[in-house]
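So you can see what is in the structure, the chains are spelled out below.
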Amino acid sequence: MRLLALPFLMMLALLIVWPLVSVVHDSFISGGVWSLGNYRTILSDGYYRQSFLNALGISLITTAVGMFFGFLVAVCLRGHSGGLRRAAMAFANIGANFAGVPLAMAIIFLFGLNGMFTLMLKATGLLEEFNVYSVTGLIIAYSYFQVALATLLITPALDAIGRELEEAAMLMGTGPARFWLRIGLPGVARQLIAIAILLFANAMGTYATTIALTGTSVNVVTIRISELVSGDIFSDPNLANAIAILLFVVLLVPIIVSQIAAREKQG
Amino acid sequence: MKQLRIDTPKVFLGLMVFVMLLPLIATFMNSVASEWSGTVLPSGLTGQYYASVLADPRFHAALLRSVAVAAVALALATAIIVPAVVAAHIYWPALDRWMARLVILPYAIPAIVLMVGYLRIFSAPPLQIGGTPLVLVLTYVPLCFPMFYIGVKNSLRSLDIADMLNAGRLLGASDLAILRRVVLPCILPGVTIAIVLNFAGLISEFVYAKMLVGGNFETLQMYMFAQRSLSGRISSVIVVLYFMLILAITLIAFWLLTKTERRP
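Heads up: the protein sequence lines correspond to chains W and U, in order.
Position 35 of the first sequence, counting from 1, maps to 35 under the UniProt record's numbering, and the rest follow consecutively.
Position 21 of the second sequence, counting from 1, maps to 21 under the UniProt record's numbering, and the rest follow consecutively.
The following block holds chain W by itself, in its conformation from the complex (with noise of 0.2 Å):
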């Protein structure tokens, strides 16, 4: 019977497995010979360091973002029916799958030169030029869908706090703010902090949004790769290789870690 999952199994070795060895192997090529030539050139390079560090700034910004704003949401649905919180649930998933290209326009139609919002801050004067092809453009875009996630995520999560718990504090005459920074969060702080590391990688990985919001311009790692790979006078596909191998490297890490703190946890 475990033939059944041979499929799924030989799935996993050509399309996952297959692709991944053979970035490993060409991140170690450069000049047709084995070297690590590829590391060297993105350690020593402030170019490519800097995409590094403005997707880690961007990326933690906007994972800081999404969790305190998806928490609050989930503490809100707490208290309610079964039918708004799966109203919300729908909404932040289509928020979810909003993200990309569709995303970006949106943001541009609300923000960009001749914006809905910046129209309106300039008609207050609160405002004089805002330029949404920016980082600040890319984290107000990648936190919409962040927040869109940590709810689809942490709403969930919170059903591990029993109500009465919740009620007991109450009745104590503990305060919802008190209960939830004393009793609440480090109930839950462990799947909280997975949730993070999700999220970051999430940021991370996003390259979609990115490209349809401020094209090249702005230098994160996803948009180094693609230039790196399809570009015509920067192509170096070793050097892409190498890049998503470090970027693979910086996600796997901490969710790695997590993990094996959950399991020494339980075990």
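Fair warning: there could be bad hints in the mix.
So the derived list for chain U, only partly shown, Cβ under 7 Å to chain W, looks like this [what the hints assert, rightly or not]:
#1 F12
#2 M16
#3 T27
#4 N30
#5 I80
#6 L114
#7 V116
#8 A200
#9 Q221
#10 V239
#11 F254
Covered stretches of chain U, as calculated for chain W (at least 3 residues, CB under 8 Å) [to be verified]:
#12 118–124
#13 133–144
Partial chain U-side listing against chain W, Cβ under 10 Å, derived [as the list claims (entries may be wrong)]:
#14 V17
#15 I25
#16 A79
#17 L95
#18 I112
#19 S235
Derived by calculation from the structure, the hints in this document are not laboratory data.
Think of the CB as a built atom: it goes at the ideal place given N, C-alpha and C, for glycine as much as any other residue.
Using the hints provided, position chain U relative to the given structure of chain W.
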């Protein structure tokens, strides 16, 4: 003071919904505006841009391509993934534990990383299919895994598989027959929801469509990307239509979910 109390959670949720809807509201107003420059609100309304997009053969072709690729990939993914999740759940707990970890695969290995590997492996024999729609069909299969795993696993958890198998075996049925006749109908609702949600995800896919196939085979997302710089009105219409498509698919999925949960 009691009559002055405001339901803070409700107000906050309402505010969040409004903020999340703002980009869509701006896009929608842009799509129906006849004249709109330099003012906060448009000066006239029109539906002419909807008419022109809906009549655009390039739009029809892109929509058709996206739906076709998603459908073929989903058929393949269902046939490969669902039996594997069931087999792992019943006969192979070690694999099941690995599958639970693989759910985060799309986050742990972003599409842009795998894309670099795909470019390479599809550009040389034995799988020299680079640039063809077949690339999308294949690369979309792993993307479907998390949704299928969660959907099927949720259905399986609520079943007493051991009892089903014992009862069936007593009656002389083979395990394969029991899986097909008894277990499969039980997990079908979970599978259906996973298919619907995956469908929404696949027609939203952009990285592989752009980097592995590009203009050769213009999907809905690529069409949107190409139109983005042409005209603000036309592109806003496309975004609104796309949003309505995703909305419809999501509503179907959640309606299916409600229907399954109501059943005793």
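### Task
Answer holds if the nearest beta-carbon of chain W is closer than 10 Å to that of I112/U; otherwise answer violated.
For I112/U, the interface hint holds, since the closest Cβ of chain W sits about 5 Å away, which is under 10 Å.
### Query
Under the criterion of a CB-CB separation shorter than 7 Å, is V116/U in contact with chain W as hinted?
holds (5 Å)
### Query
Hint check: is the beta carbon of I25/U less than 10 Å from a beta carbon of chain W?
holds (8 Å)
### Task
Could you check if S235/U really has its C-beta closer than 10 Å to a C-beta on chain W?
holds (6 Å)
### Task
Mind checking the CB of F254/U against every CB in chain W and telling me if the closest is under 7 Å?
holds (5 Å)
### chain W contact restraint for L95/U - C-beta distance below 10 Å
holds (6 Å)
### Query
How about M16/U: closest beta carbon in chain W under 7 Å, or not?
Interface hint status for M16/U: holds (6 Å vs cutoff 7 Å).
### Message
A closest beta-carbon separation below 7 Å is what the hint needs, so does A200/U meet it against chain W?
### Response
A200/U check passes; min Cβ-Cβ to chain W is 5 Å, inside 7 Å.
### Query
Would the hint on F12/U stand, with a C-beta cut-off of 7 Å toward chain W?
holds (6 Å)
### Cut-off 7 Å, beta-carbon criterion: hint that N30/U touches chain W
holds (5 Å)
### Message
Hint validation: I80/U versus chain W, beta carbon distance must be below 7 Å. Holds or violated?
### Response
holds (5 Å)
### Query
For the region 133–144 of chain U, does the count of residues with a C-beta closer than 8 Å to a C-beta of chain W reach 3?
Since three or more residues must qualify, the claim that chain W covers the region 133–144 of chain U holds, with 4 doing so at under 8 Å.
Of the hints listed earlier, there is not a single one the structure fails to meet.
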